[in-house]
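2 protein chains.
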Amino acid sequence: MKNNPLYKLMNPGSIAIAGAGNNPRKMGTLHALNILKGGYGGKFFPLHPTEETVLGHKAYRTVDQLPQVPELVMLIVPTDAALHLLDEFGRLGTRRAIVVTSGFRETGAAGQKKEEELQEIARRHNIRFLGPNCIGMMNSQISLNTTVMPLSGQPGRLGMASQSGTYVTQTFSYLKERGIHFSKAISVGNETDIDITDALEYLGQDEETKAIALYIEGIKDGARFIDVAQKITPHKPVIAQYVGGSAAGARAGMSHTGSMAGPDFLYEGIFKQAGIIRVDTVEDLYLNGWMLASQPPMRGSRVGVVTNSGGPGTAISDTCDKNNLEVPRFSPQLQEQIRQLIQAQASSTNPVDLTFDLNARNLSVVIPELIMQSGEVDGLVLHGAMSHGFLRAIHPYLQEMLGGISLEGFLAQFPVDFTDMVSLPVKYQLPMAVSSFFGNEDNYTAAFRSHSIPVFDAPEKAAKAMSALHRHKEIRERKEIERTPLPALAVEAEKIIAEAVAAGRQVLDEYQAKQVLAAYGIPVTRERLAHCAQEAAEAAQKLGFPVVLKASSPDIAHKTEQGLVHLNLKTVDDVKQAYSAVIAAAGSQVPVLVAEMVQGQRELLAGMSRFPGFGPCIMFGIGGIFTEAIKDVTFRAAPLTETEAEEMLTDIRTAALLQQFRGMPAAETAELARLLRKLGELALLHPRIAEIDINPIVLSGSRPVAVDALIVLTKE
Amino acid sequence: MKNNPLYKLMNPGSIAIAGAGNNPRKMGTLHALNILKGGYGGKFFPLHPTEETVLGHKAYRTVDQLPQVPELVMLIVPTDAALHLLDEFGRLGTRRAIVVTSGFRETGAAGQKKEEELQEIARRHNIRFLGPNCIGMMNSQISLNTTVMPLSGQPGRLGMASQSGTYVTQTFSYLKERGIHFSKAISVGNETDIDITDALEYLGQDEETKAIALYIEGIKDGARFIDVAQKITPHKPVIAQYVGGSAAGARAGMSHTGSMAGPDFLYEGIFKQAGIIRVDTVEDLYLNGWMLASQPPMRGSRVGVVTNSGGPGTAISDTCDKNNLEVPRFSPQLQEQIRQLIQAQASSTNPVDLTFDLNARNLSVVIPELIMQSGEVDGLVLHGAMSHGFLRAIHPYLQEMLGGISLEGFLAQFPVDFTDMVSLPVKYQLPMAVSSFFGNEDNYTAAFRSHSIPVFDAPEKAAKAMSALHRHKEIRERKEIERTPLPALAVEAEKIIAEAVAAGRQVLDEYQAKQVLAAYGIPVTRERLAHCAQEAAEAAQKLGFPVVLKASSPDIAHKTEQGLVHLNLKTVDDVKQAYSAVIAAAGSQVPVLVAEMVQGQRELLAGMSRFPGFGPCIMFGIGGIFTEAIKDVTFRAAPLTETEAEEMLTDIRTAALLQQFRGMPAAETAELARLLRKLGELALLHPRIAEIDINPIVLSGSRPVAVDALIVLTKE
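Protein sequences appear in the order of chains R and H.
Heads up: the first sequence begins at 1 in the UniProt record's numbering, then just goes up one per residue.
Heads up: the second sequence begins at 1 in the UniProt record's numbering, then just goes up one per residue.
Here chain R stands alone, though its shape is the one from the complex (with noise of 0.2 Å):
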């Protein structure tokens, strides 16, 4: 834990800021202020050119003037003077920092030079911060806020780490209304030094943090990445919004931290991969980052409904079932017992409905109590439980009624007890997610929330809450990942890719590349290059009929088109004519590859490119001809264990073709696996190689074989 640069970071015991000073509309000021007002108990250093005192504190002139060496310090300063104190407070001895400074790498060559600069100082003094261009954190715990924006509120469970500041400054208000306390939450902005993993493993160490929200716009050390979430996520969840895939997303994300965007496909592979669930609102990552935080784990997919109206029961069952929940018919036992409570037209079936009624005990309490103890049921949704919203909204139009009682006196005619409500989750260790159109003015969505159980203001988002649960349950089942080292080094493979580079060619053939691939053990055709038809005919006869021609040309995609592809040829003289077609149709004397005709009907497809931050990367689906028109295919890092691999296999659409299917048997799973896994530790060890395109590999019965590759290196 004290390895890692966020643990002192987060809980110094002294701050030096400098850039804060006693114009309120100054953003060093509002930072400060937070610091001081928000309850944290450590030593407070200001730095002002001219001022006596900041915000009350006595203020130093110099870094030489303070009484202390301060074990944070906070720089809201322009950008040079950034780096300057930088050093100074370096050679004080401090050793870590905020730099809250902008005018870094997001503004062009310029900055990322100055940001180069504040590395290299940071090296030198050995200092470790966050930022530039971030807002700083806070860590409730300690009641230390270091943003901008006012935070009051109880410690929280949620960590969260983010590559945009708003999201740990600007949302304060809004996650206070809903219920929301973060445990610690960290702003990495341009993350020089201290980058978004790490936060990710420091809030995984963290005890008082229960689950982790990332918000991510580009990773810039994916293994190390994946690999510090793979020590977190089967115990503690992790949840992730990635925005940055589309152009636009890219430029914006590139101007204000100058982060790398990848593409959406790779980062919904490797949220998986990483066993980290996805979402796409912020809304999402809070609401759901904080059912995950609050909640006890959910134990299997069944789900319990009970509301006080059809419409949003039925929005609930469904969002359920669009979200691999079950909503279960409860036993006729439970039924019998539900039905002593409710009223003759109200459902017992599970979702109950109570329909409307202004007694909210038997639906917030009494039912749910009964379900959770049935035994029936891994989590439970409600929707409903209401009285002050509805009461304060009548309230205008009886007072005249009830002789001019108050709102407050009115109110108090409906005392409410909630203690046993809300110690459902607790006590029967099942997670409870609650739907109210009643905001906090409401004494029951306030008491749900103040004891930390959520209230969503929408019976579907309750659901996908739970489905998030529910997630988390499966990647706690997730199998073992276990990592392996790379295998030794294939010399054939590396023997023909330097023969190609020195030749200056850029492709390997689709012989040459199904040599390199076999080098590692993948599945490829048997074949012979043929350079006549007489040599094409014996190696025919050699491979056994019937065969397939085709001229041996990098242009995978349109071999077929070109007719440079003769398929089930069963004689020789079928062989030898099929030759003088390709040579007639390649207009050249292009080699021809003779390979065994193999059979079947299952076309699928795994290639290998490299992307910013992640290296090579492992892609699998359908392929065929109809490779582009399904576009049904998904992506990890390489290298792959085992497991990383299996589970590739099942996350495409179609994952239904791999199994028994319409008298084709299933596919050897853990043959494709390997491949997968091969491809990877290929292109891990050949990083000349820039991209791999198997298309297709043929399931032959059940085995698949690569019929058709190609290999592209890179330019230099």
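Any given hint could turn out to be false.
Copies of the same chain look alike in the list, so a pair counts if it fits in one copy or across any two.
Distance condition first, Cα-Cα at most 30 Å in a straight line; then the derived DSSO-like pairs of lysine-lysine [said to hold, decoys possible]:
(1) K322 to K220
(2) K58 to K43
(3) K210 to K559
(4) K631 to K322
In case anyone wonders, no lab produced these hints; they're calculated from the structure.
Note that this is a predicted model, so its numbers are computed, not measured.
For chain R, the structure is supplied; the task is to place chain H on it using the hints.
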């Protein structure tokens, strides 16, 4: 307009109510209170068995004591009393009713019978009514609210019709807070008389209603629903949520209004056919509905984004991208104008990111106006304009520094004139969506909302709402829907069906099925039936080689696996051998079909099934042996117009397959569309046909040919 039964019901000059008293805990009293206190100007006649007055109004013991014939009666009494009273009001001459009373179809068989009685009574007296088991309605234009939840506020623009009462009453506070105002809202309950389609028609005609939101759990008369919607949707946006597709969802819907749910995929297609924008959550229904009702239409797909923070800017851009909206890079000229107004590190490209700044005028007015003036966008999304929200939070920290200033005094130091800001959408006739993490405690949020500019509590939601407007642009620009009369019944088809019925067969075999299809001009393989090897050989010679032989078996799915299909037979000998093989595999002397061999790699499917409420529905999608694995199909209700059939062709994920594709020509889409239309007509002309399955339809070059087909007949 006045033909619609709701016109009179929603605009009554006088209302009688049975079931209201002076006990404010009773539902009936709440309904009455809302009528009386909501500002309704018409007459009010409470019926009560004992009280002299109800809520200060003279009460009547019996119907015949009423001083005049009420234009509308509301019944909130026990089930049997409702039947009795409706009859009495009918005799008196009342012609409109709202039956809130429950205990009808939703409770089972006995209730169903009472519901029929209710209907019979209404018919007898020519009464048109809402309900039973509904919550009432509201008409903001005459300040009439007959539901249980108080509602105050300005007359609105969004019309709502709902099969759940909750969504027109329990959400009133929710809606008010978000600045969403209904023009009219209608709870349709069990829809015994007036149904949701009547409500849709009424709202379509209502001039105060600028957009319509529907909450749907099941449609009774699909054809009429589609017809009514298609007349409205090119002019006025209709947005709908359908739930009930899951088993538990259907159970819930059944139990609360007795409505019959259909599968989710069916409603997905029906909504597209009707021109209705579908949403998945009630939040999207309200919020996007309000966006559609309150904002000018979108004329293109270009969105300008202005934020005070990179995270939301990135998220908005990404959400736009995922929802078919562009976030174009601004022209150099526009960027230059913007750069004058922003700090050096801020970005002017689009999204414009001003970074955190307490002066929101540039953010909220000046830059948005520049962008709107430029002609470079079709809509604008703004995030981060705020003042009081932040100031309220920071005030306690600053109070001491500022000489103990009060909150009001402090806020008053930051005056804002919102006039320019809130007039932007109308001034430039461009839609605007705002995102803010502050609610109405912030004066910006409050100002936008009070001027009908939607404010969302997350950036992604604002972008998504903009995409709803864009979706309506597509619907406005849809090709015209021109209904044509059904063609004449094909006598030869009816003959084949009649023969099968007479013979007690429930399935037409492939040969018969294709003959039925061919009778309507659907292109099928040329083929003949053979009963011996010699006949098969002769048939092959007449058709021309190569041919296919297959057992003419009704089991479409597994012929191939059972060895009952032999492809690509090129000689008489091949045909004879194949004949013997088929007979051997079949194990009996089955008829054998000899058909032309249709070559083509692209396999589609079309089908027809009947669904309750919708009659014959047409399916189109990807066929062949991977149909079930790929699951790429779309549905519409028959009869199909040309436009509707064409839209099906582009409504599958893999629609690219129908384009020019890897050397294959584009499919003859007109021919495919005609096939789908014919299928629908056929089903309407032959009600004995229960199901049709044409799979595969092979694209032979560009021409679709039905290669296998099956027709199932109804049981009686």
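A quick look at each hint next to the structure:
1. K322 to K220: between (34 Å within a copy, 24 Å between copies)
2. K58 to K43: Classified as within: same-chain Cα gap 11 Å, cross-chain 73 Å, threshold 30 Å.
3. K210 to K559: neither (55 Å within a copy, 56 Å between copies)
4. K631 to K322: Classified as both; 22 Å inside a copy, 16 Å across copies.
Violated hint: 3 only; the structure is consistent with all others.
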